[in-house]
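What follows is each chain in one-letter form.
Protein chains: 2
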Amino acid sequence: MAEWIHTVTARTPTNIAVIKYWGKRDESLILPVNDSISVTLDPQHLCTTTTVAVSPSFDQDRMWLNGKEISLSGGRYQNCLREIRARGEDFENKEKGIKIAKQDWQKLRVHVASYNNFPTAAGLASSAAGLACLVFALAKLMNAKEDASQLSAIARQGSGSACRSLYGGFVKWIMGKEVNGSDSLAVQLADENHWDDLVIIIAVVSSRQKETSSTTGMRDTVETSILLQHRAREVVPKRIVKMEEAIRNRNFSLFAQLACADSNQFHAVCLDTCPPIFYMNDTSHRIISCIEKWNRFEESPQVAYTFDAGPNAVLIARNRKTAALLLQRLLYFFPPSADTDMGSYVLGDKSILKDAGVEGINDVQALPPPPEIKDNVPAQRNGGEVSYFICTRPGRGPLLLSDESLALLDHSTGLPK
Amino acid sequence: MAEWIHTVTARTPTNIAVIKYWGKRDESLILPVNDSISVTLDPQHLCTTTTVAVSPSFDQDRMWLNGKEISLSGGRYQNCLREIRARGEDFENKEKGIKIAKQDWQKLRVHVASYNNFPTAAGLASSAAGLACLVFALAKLMNAKEDASQLSAIARQGSGSACRSLYGGFVKWIMGKEVNGSDSLAVQLADENHWDDLVIIIAVVSSRQKETSSTTGMRDTVETSILLQHRAREVVPKRIVKMEEAIRNRNFSLFAQLACADSNQFHAVCLDTCPPIFYMNDTSHRIISCIEKWNRFEESPQVAYTFDAGPNAVLIARNRKTAALLLQRLLYFFPPSADTDMGSYVLGDKSILKDAGVEGINDVQALPPPPEIKDNVPAQRNGGEVSYFICTRPGRGPLLLSDESLALLDHSTGLPK
Numbered sequence: 001m002a003e004w005i006h007t008v009t010a011r012t013p014t015n016i017a018v019i020k021y022w023g024k025r026d027e028s029l030i031l032p033v034n035d036s037i038s039v040t041l042d043p044q045h046l047c048t049t050t051t052v053a054v055s056p057s058f059d060q061d062r063m064w065l066n067g068k069e070i071s072l073s074g075g076r077y078q079n080c081l082r083e084i085r086a087r088g089e090d091f092e093n094k095e096k097g098i099k100i101a102k103q104d105w106q107k108l109r110v111h112v113a114s115y116n117n118f119p120t121a122a123g124l125a126s127s128a129a130g131l132a133c134l135v136f137a138l139a140k141l142m143n144a145k146e147d148a149s150q151l152s153a154i155a156r157q158g159s160g161s162a163c164r165s166l167y168g169g170f171v172k173w174i175m176g177k178e179v180n181g182s183d184s185l186a187v188q189l190a191d192e193n194h195w196d197d198l199v200i201i202i203a204v205v206s207s208r209q210k211e212t213s214s215t216t217g218m219r220d221t222v223e224t225s226i227l228l229q230h231r232a233r234e235v236v237p238k239r240i241v242k243m244e245e246a247i248r249n250r251n252f253s254l255f256a257q258l259a260c261a262d263s264n265q266f267h268a269v270c271l272d273t274c275p276p277i278f279y280m281n282d283t284s285h286r287i288i289s290c291i292e293k294w295n296r297f298e299e300s301p302q303v304a305y306t307f308d309a310g311p312n313a314v315l316i317a318r319n320r321k322t323a324a325l326l327l328q329r330l331l332y333f334f335p336p337s338a339d340t341d342m343g344s345y346v347l348g349d350k351s352i353l354k355d356a357g358v359e360g361i362n363d364v365q366a367l368p369p370p371p372e373i374k375d376n377v378p379a380q381r382n383g384g385e386v387s388y389f390i391c392t393r394p395g396r397g398p399l400l401l402s403d404e405s406l407a408l409l410d411h412s413t414g415l416p417k
Numbered sequence: 001m002a003e004w005i006h007t008v009t010a011r012t013p014t015n016i017a018v019i020k021y022w023g024k025r026d027e028s029l030i031l032p033v034n035d036s037i038s039v040t041l042d043p044q045h046l047c048t049t050t051t052v053a054v055s056p057s058f059d060q061d062r063m064w065l066n067g068k069e070i071s072l073s074g075g076r077y078q079n080c081l082r083e084i085r086a087r088g089e090d091f092e093n094k095e096k097g098i099k100i101a102k103q104d105w106q107k108l109r110v111h112v113a114s115y116n117n118f119p120t121a122a123g124l125a126s127s128a129a130g131l132a133c134l135v136f137a138l139a140k141l142m143n144a145k146e147d148a149s150q151l152s153a154i155a156r157q158g159s160g161s162a163c164r165s166l167y168g169g170f171v172k173w174i175m176g177k178e179v180n181g182s183d184s185l186a187v188q189l190a191d192e193n194h195w196d197d198l199v200i201i202i203a204v205v206s207s208r209q210k211e212t213s214s215t216t217g218m219r220d221t222v223e224t225s226i227l228l229q230h231r232a233r234e235v236v237p238k239r240i241v242k243m244e245e246a247i248r249n250r251n252f253s254l255f256a257q258l259a260c261a262d263s264n265q266f267h268a269v270c271l272d273t274c275p276p277i278f279y280m281n282d283t284s285h286r287i288i289s290c291i292e293k294w295n296r297f298e299e300s301p302q303v304a305y306t307f308d309a310g311p312n313a314v315l316i317a318r319n320r321k322t323a324a325l326l327l328q329r330l331l332y333f334f335p336p337s338a339d340t341d342m343g344s345y346v347l348g349d350k351s352i353l354k355d356a357g358v359e360g361i362n363d364v365q366a367l368p369p370p371p372e373i374k375d376n377v378p379a380q381r382n383g384g385e386v387s388y389f390i391c392t393r394p395g396r397g398p399l400l401l402s403d404e405s406l407a408l409l410d411h412s413t414g415l416p417k
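Line order of the protein sequences matches chains U and D.
When we follow UniProt numbering, the leftmost residue of the first sequence carries the number 1, and every step to the right adds one.
When we follow UniProt numbering, the leftmost residue of the second sequence carries the number 1, and every step to the right adds one.
Accuracy of the hints is not assured; some may be wrong.
In this list, chains with the same sequence are indistinguishable; a pair is considered to hold if it fits within one copy or across any two.
As the list claims (entries may be wrong) - Below 30 Å or equal to it, Euclidean Cα-Cα: the simulated BS3-like pairs (lysine-lysine) are:
id, residue 1, residue 2
1, K293, K24
2, K350, K96
3, K374, K140
4, K242, K24
5, K24, K374
6, K238, K24
7, K24, K354
8, K238, K417
Everything labelled a hint here was simulated from the structure, so no lab data went into it.
Excised from the complex, chain U in its bound form (with noise of 0.2 Å):
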């Protein structure tokens, strides 16, 4: 008989906090100094698809990113593995002639492949959404009986913020307070139609600095920040308890008021740090001013703007029509370079641009000044500036596709197909 391999494949979304997670207060087990809270964003547009294969015939674990074997020798993969091994429970499939004994699990070796549909380099979380996934489909082929919370504990060791995407909707990491760990968790605020109306544009920004990995970088502002201590003592925790009543009551100008002062206080504790820490450039100046004048303009916050290790902006505007008039503003003032078409420049949810009557580089060419800058027109536009735009929305959590076609994995031989 040939022997059985047995496969689970999963996706999960990314996830952006709108009021930050920076500093640990332990490496190892990878505990935050203070409490965040983030939206999970729609995996339709942004996600990780990863399949994992078990069988007898593995000699040794091994796994694939985005096509490339990568290795998973790392303490954040090796920590992820160890801990679904310990709670793997019995397995059966009579059909396939497969029996897994709980305690098997230690010494059958894993296939993992990986897949992000966003580019991993672009500075969007895809080690989130990337472990968070891993550790989804390793419960699910191990046939762990750990529910979502128990889980992000786990994909949390792998990467803080991956705990946050075993969730969909609105996601508060609770810090905890015991020393191994155990009850620094997610939970789920909300989930993803609590507040559909929010609509979420991301500014995908060309850089030329080579950014500083946000490992390396909490940890300098933990050990070099006098101002990062009284952020997650004294600030965080009041923002925290205004951010759950914000979501609660889909108070879009608290939400906006909140996540934008957050966003700029971590880049502020960034720039604290010795050495200090610039993850905004130029243009991600020019994007949050774009957006205050607007949102002073309109004496209420129509768009809140956040920015995680790098300078890229996460837009979220407090509907769909707003949305409209916002990517109206982003195109004015950031059109497409000339030799760039708008199909590849608009990525995501497409039907924004519908709304905002832009479809063709010609109608981004006859786009007004937007009413707030006309005493100041005509505006600097920056073409090029920005790489391409996503337009996505909330999303839901962790999903099991039982549609073996979208495996990563073939199902005879357990390698990439």
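Please arrange chain D on chain U, whose structure you already have, making use of the hints.
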């Protein structure tokens, strides 16, 4: 008898804070939320020259700045005029037939002509030098007996940082405790000869952003930044003590570490402001990265950097030899654009150019990459990002100019020459 004109001409330096002033506790008296410490820059390269004149023939207070008449009605000028007038004493010059009684200063009108030997709009603290010079010259004109510290408290009411330009060398602005501001004044920590190894190179950075004025910027920070109060109460007082020690002992490592950290923290609280304030741009960030990399490579600080409310870098080298190495690096990373000659690209003390072995554009093109980036060559060279450099050093305080030919007002008409 033709009516007399009595004139005085003075020259006052600009200064750069190494522990920053940001935030007022009293807007109208200009009382700061923390002490600050500055280095006075050599007036030979950066100063304001001001001639003040008084005559019974003048029918109103008038002022010319860089040859253009400007209004004296602003609060900052009025504060200084009022305070000095109240302190005027009897004055007599028999030879010229001038006799002014103490109480006459209230009625006599003044003419003021002021000239900066550096570009006013370049963000080089022109208002600090200007207001200090106005107060110093008016005090001499009106025979006021106040010493430099007492005059600094008056200049402070014109422009906060102006109070630090009443002394040469290293100056501390004591925030004071009194509600009326009488004890918020400058004192000299050490004169310009105490630590005369230091060399200062200013990079005037090209900018296309309109900057937030420091007056509105600091008001917004005081009103909205949660981190500012922590900085002012907890961080700065300790840094002031250490910076005084660094200056006293000519401890460059400590000086550089404090100056860089405090500049970065000032920009951090600007970023923590709502809406956020960005004074540094990508070029500023690149200059910081260049210095940080070099300092780390040498395993001890060679150069300190500090940025005020704009993108210009003020770089303080530990000695002349280091300054030459610094200038080589700056010209390597930021060469002049094709149509700029070296003579107008490096201003001030041009002897540093010779020390650096860079006298022409060919020498710039031949510069090898600095050793600390050897593994990453070819590094980007960013022509056009810097407008020009100014080489200078710590310098002396205000000076009376007795040479009539240096006066900016004609001694017979009282109008600009």
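Results of checking the hints against the structure:
Within a single copy, K293 and K24 get their C-alpha atoms only as close as 35 Å, which misses the 30 Å cut-off; across copies the closest is 25 Å, which meets it. In this assembly of identical chains, the alpha carbons of K350 and K96 never lie at most 30 Å apart, being 43 Å within a copy and 83 Å across copies at closest. For the homomeric pair K374 and K140, neither the shortest alpha-carbon distance inside one copy (56 Å) nor that between copies (49 Å) is at most 30 Å. Proximity of K242 and K24 under a CA criterion of 30 Å is satisfied in both settings, with 23 Å inside one chain copy and 29 Å between copies.
For a Cα distance limit of 30 Å, the shortest separation of K24 from K374 qualifies neither inside one copy, at 46 Å, nor across copies, at 33 Å. For a Cα distance limit of 30 Å, the shortest separation of K238 from K24 qualifies both inside one copy, at 19 Å, and across copies, at 26 Å. With identical chains, the CA atoms of K24 and K354 are never at most 30 Å apart, being 44 Å at best within one copy and 49 Å at best between copies. Taking identical chains as interchangeable, the C-alpha atoms of K238 and K417 are never at most 30 Å apart, the minima being 49 Å within one chain and 62 Å between chains.
In the structure shown, a violation is registered for the earlier hints numbered 2, 3, 5, 7 and 8, in ascending order.
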